[in-house]
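Take a look at the letters that make up each chain.
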Amino acid sequence: MNRKEFIKKSLALGIGLPFVNLILQSCDDEGIDFPVFETDFIGKVLIIGAGAAGLSAGYLLSRMGVDFEIVEASSNLGGRMKRVESFADFPIDLGAEWIHESPSVLADIINNPQVEANLDFIVYNPQEVKTYNDGNLSDLNISSSFYSEYKFESTTWFGFFEDFIIPEVRDRIVFDSPITQIDYSNDVIEATAADESTFIADKVLVTVPVNILQAELINFTPNLPTAKTNAINSISMGDGLKVFIEFSEKFYPDLVLFGNILDAIVGDSNKLYYDAAFRKTSNRNILGLFSVQDEASTYTDLGSDEEIISFVLNELDEIFDGQASKHYVKHIIQNWTGEPYIRGSYSDSFDGDADTIMNTIKEPIDGKVFFAGEALSLENQSTVHGACESAYQMIETMLNT
Amino acid sequence: MNIKVALLLTFSLFVTKLVGQDNNDSTKNYSIHVGLYAPYVVQSGLRVGLSIPIKNWMSETKRQETRIHFLDITPRFGYFVESDVQRNYFLDATFEYRWLESDRKIHPKIGIGLGYMLSRQNTSGTLDLSSGDIEFDTRSLNFFVPTINIGFERNRKKFIGYYFSVFYGRKFTGQEVNSDFIGAEFGATFNMARK
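Chains as they are written, first to last, in my numbering: chain A, 1 to 401; chain B, 1 to 195.
Please keep in mind that the hints were generated in silico from the structure rather than gathered at the bench. It should be emphasised that the depicted structure is a prediction, and the values quoted were computed from it without experimental measurement. Mixed in with the good hints there might be a few duds.
[Said to hold, decoys possible] Label pairs and their computed distance ranges (CB to CB):
1) B/Ile148 <-> A/Leu137: 34 to 44 Å
2) B/Ile106 <-> A/Glu318: 47 to 57 Å
3) B/Tyr30 <-> A/Leu137: 46 to 56 Å
No residue lacks a Cβ here, since even glycine has one placed at the ideal position from N, Cα and C.
Kindly generate the complete structure, drawing on both the sequences and the hints.
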């Protein structure tokens, strides 16, 4: 159980006792471990996917002097990290946005004492918080006293990777090559892309989103063990959508949650409107919509961007008495469900014991096929640093196998 | 800040003076309270106070048991933190009513309090990527905090006792939005006879 789950369950059980904090310290932010080890592995590693896990796996291999190649299905790197710089007067994360742990985890990810750089961040604990339920907005400002995370002040998750991870791996990335076949029946692994191009390696690390594996867009020869396939299929990864809207006036609070007050506090917060410029150096009024899992399906099922923004503005007009349409300037939509090589948001729940499922997926196949990604980080699931942690752990396992 | 502290002290003295005028009992005890303090569950800290008895009296219940009633005023200082987010300094006084049947060890108590809180909140920071060290930028917020408290306390006949209480209040400030203030406190009492 991670810290977030513990707090949630503690609140749900009503055990708001002084002792809880003492227990919480045992599951407090601890960062991630950058593996330090030696290996006598001589060969090539193929990494499928250039998202956070794939890029950080390449970063570690580069640091260790191991030959590797990253094959990316799309024309872009970053996976679910994506940035837009032209929409506002600060860069906006269209994908992963929050730093869900102490910002020192960023230093853990790059683990480079020689780097001479500082990074500015904001403490994200929205002060004016409301919850919308049955047509009414209610104050939930109390949440500012127990909910707190972090965000980049003047860069983004993508920008962080661009500055510190990508330079180590950029020339090893092959774009526009969606892998459709991985043949690991021989000593040498052969991966085939949709355009029939092939990639040869001694070991392969698969870091694609779990939805891609579930959709069997990649065929394995021989087939993956049944236990592993069942484990992959028991992870739920729902829809995902982010919308940013600029308004001429700020009529909204720092954060709007949905449901009754108890739901808003202990619920999953799969849908929220938030002031994207909160504590940023900005003169613009930018409201964000974050929506994942079933809550996102309401929007993604609409189909076109025009229908989505119309629905969102109507929803905001209902919440804020017509002020959204009145002050609307422009918008940008990122439909993660519509991305052909993402197909959703992030792993959410497990049909079974999470620990067992993750360990089944992480079990190497013949010492040649490995899996990593945000879904496979037990302590930091669904986060960027969790994806990095998972990649580092699997590379260490791989090179010691 | 100074005006609010002065108001708080004035409130404490006023209540002490007002209610303590017809005090006629010599068995009163001062009690030092030292408690673990946990607003909002995720914040934690320590609170120290001095419970000053201002009045007590006896009555008889329907079952003809003797019930003793107490009125106390407890000025306290508290310090609690949310790691890497905020540090809070809390000065308050609680006007408390507690009662017990003579043969009981535990007695319930209820109270109302008025406090001043200085909150030093981290709003942003700079991370040194080579070392992982963080320097935070902070701001100060001043709150005026009325609370209601309910809990129980070990009878003060022995030198060391204990207490538990939960509280609900409201943080008022002109610098930010107002918000609720809830939490719990568990602590020890050190009871000293007053002659």
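Now the hints, each set against the structure:
For B/Ile148 and A/Leu137, the hinted distance range of 34 to 44 Å is not satisfied, since their beta carbons lie about 26 Å from each other. Separation of B/Ile106 from A/Glu318 is about 52 Å and conforms to the stated range, judged on CB atoms against 47 to 57 Å. Take B/Tyr30 and A/Leu137: their Cβ atoms lie about 48 Å apart, and the range 46 to 56 Å holds.
The structure fails hint 1 only (numbered hints given earlier).
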